[in-house]
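Chains as they are written, first to last, in the working numbering: chain W, 301 to 413; chain U, 301 to 413.
The set of hints was computed from the structure by calculation and includes no laboratory data. Because the structure is a prediction, the values reported are computed rather than measured. Be a bit skeptical, because a hint or two may be false.
No distinction is drawn between identical chains; accordingly, a pair holds when it is met within one copy or between any pair of copies.
When the alpha-carbon atoms are kept at most 20 Å apart in a straight line, the in silico DMTMM-like pairs for lysine to aspartate or glutamate are as follows [unchecked claim]:
1. K373 / E393
2. K320 / E356
3. K357 / E323
4. K308 / E393
5. K371 / E334
6. K308 / E390
7. K355 / E390
8. K365 / E334
9. K355 / E334
10. K357 / E331
11. K371 / E393
12. K371 / E382
13. K332 / E390
What follows is each chain in one-letter form.
There are 2 protein chains.
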Amino acid sequence: MSTTQMMKGILDGCILAIIKNKEVYGYELAEKLEDYGFSNFSEGTIYPLLLRMQKEKLVTSTLKKSTAGPKRKYYRLTENGEQELQNFIERWEILQTNVNHVLAHETKKGKGV
Amino acid sequence: MSTTQMMKGILDGCILAIIKNKEVYGYELAEKLEDYGFSNFSEGTIYPLLLRMQKEKLVTSTLKKSTAGPKRKYYRLTENGEQELQNFIERWEILQTNVNHVLAHETKKGKGV
DNA sequence: CTCCTTTATCTTGTATTGCAAGGTATATGG
DNA sequence: CCATATACCTTGCAATACAAGATAAAGGAG
Chain W
301 MSTTQMMKGI LDGCILAIIK NKEVYGYELA EKLEDYGFSN FSEGTIYPLL
351 LRMQKEKLVT STLKKSTAGP KRKYYRLTEN GEQELQNFIE RWEILQTNVN
401 HVLAHETKKG KGV
Chain U
301 MSTTQMMKGI LDGCILAIIK NKEVYGYELA EKLEDYGFSN FSEGTIYPLL
351 LRMQKEKLVT STLKKSTAGP KRKYYRLTEN GEQELQNFIE RWEILQTNVN
401 HVLAHETKKG KGV
C-alpha cells in the first residue's frame, strides 16, 4: 500500500479540473499540482498522461512560443473532456461516500486521529 | 479513466477497516463490500489481496468448519495491520483534502451536481 | 452411489497507470 | 562554443484490479 497506488485514476480528474479553468502547459500543471499538495510526482507521470488524454480526445493542445525556452504546449478541454470531468466528479463522490462509510464503521470504536 | 483504477490502493484500507471490527472470511468480506456500495468486483480481486496482506503480516488467518461448504478462512488484524490501517486513514484524508481542493477550483464556477 | 447446486477458496493471465531515469530541444549569458 | 534553465518526450518497471477458470466440501434428487 502506498500513496502511489492511491493516485491511480484520480490524477486524471484533477488535471481535467485544472485545465477546465484556463489553458495550461505541462510544466505549469506539474507546479500547480504540487501547490495543491500532490507531492513526489515527476514529469514522467504528467506528460504521458496528457498525451493519453489527447489521444482519447479529452483535451486539445496548441503550441506557443515561450520567452525562456522551447515552445510550450497549452492544453484545453474538449466537450468530451468536460463530460469526463463530470463523470469523474460523480465517481469521486461515490467513492468518498463508500470509503468514509467503511471507515466510520471503524472509527466509531473511538480512535480520533 | 474507470472506477477500477480509482480503487487502486483503497480497497486494502477498506478491508483492513472491516477486519478490524471482527473476524471475517473472504466470501463474507466480498458481500460486505458490496453492501457498502463497492459494486462490480469479483473474487479474483479479494482473494489475491487477502493473501498478499497475509504475506505482509497485516493479517493472520484461521480455518474453521462451515456448515454449508468447505472450510472458511477467517482473517484477523495484526498489530502491523492496525498501524497500516491508521496510515491508510491519514493518507486517505490528505488525498480527500487535495482532490476536493482541486475540484473546488472547478465547481466554484457554478456546476452543482 | 452418482450427479448437481451452493458455498468457499485459489491460480493464471491481462490491462492500466504512476514513476524513475534518461534523452531532446530552445533561449540566454559567459 | 559551452553551460544553465526551461520545457517536452520515451522507455521500462512495478503495483494492482479483474475476468476466467480450477478446486473442494456438503446436501439433496434420482
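Homo-oligomer pair classification [E393, K308; C-alpha up to 20 Å]:
both (16 Å within a copy, 16 Å between copies)
Since the copies are identical, ignore which copy is meant and state whether K355 and E334 lie within 20 Å (CA to CA) inside a copy, between copies, both or neither.
neither (25 Å within a copy, 34 Å between copies)
Using 20 Å as the alpha-carbon threshold, which applies to K308 and E390: within, between, both, or neither?
For K308 and E390, both the intra-copy (16 Å) and inter-copy (17 Å) Cα distances are at most 20 Å.
Give the relationship of K371 and E382 under a CA distance limit of 20 Å: within one copy only, between copies only, both, or neither.
Neither, since 26 Å and 50 Å both go past 20 Å.
My question is about K357 and E331: at a cut-off of 20 Å on alpha-carbon distance, are they close within one copy, between copies, both, or neither?
Neither, since 24 Å and 37 Å both go past 20 Å.
Using 20 Å as the alpha carbon limit, work out where K320 and E356 are close: within a copy, between copies, both or neither.
within (16 Å within a copy, 41 Å between copies)
Between copies, within a copy, both or neither: which fits K357 and E323 at Cα up to 20 Å?
The answer is within: 16 Å in one copy meets 20 Å, while 47 Å across copies does not.
Can you tell me if K371 and E334 fall within 20 Å by alpha carbon in one copy, between copies, both or neither?
Classified as neither: same-chain Cα gap 22 Å, cross-chain 49 Å, threshold 20 Å.
Should K365 paired with E334 be assigned to within, between, both, or neither, using CA atoms and 20 Å as the limit?
Neither: 24 Å inside a copy, 52 Å across copies.
20 Å Cα cut-off: does K371 pair with E393 within a copy, between copies, both or neither?
For K371 and E393, neither the intra-copy (37 Å) nor the inter-copy (38 Å) Cα distance is at most 20 Å.
At most 20 Å between C-alpha atoms: does K373 with E393 qualify within a copy, between copies, both, or neither?
neither (31 Å within a copy, 33 Å between copies)
State whether the alpha carbon distance between K332 and E390 is at most 20 Å within one copy, between copies, both, or neither.
Neither way: K332 and E390 sit 23 Å apart in one copy and 22 Å across, limit 20 Å.
Violated hints for the displayed structure, listed by number in ascending order: 1, 5, 7, 8, 9, 10, 11, 12 and 13.
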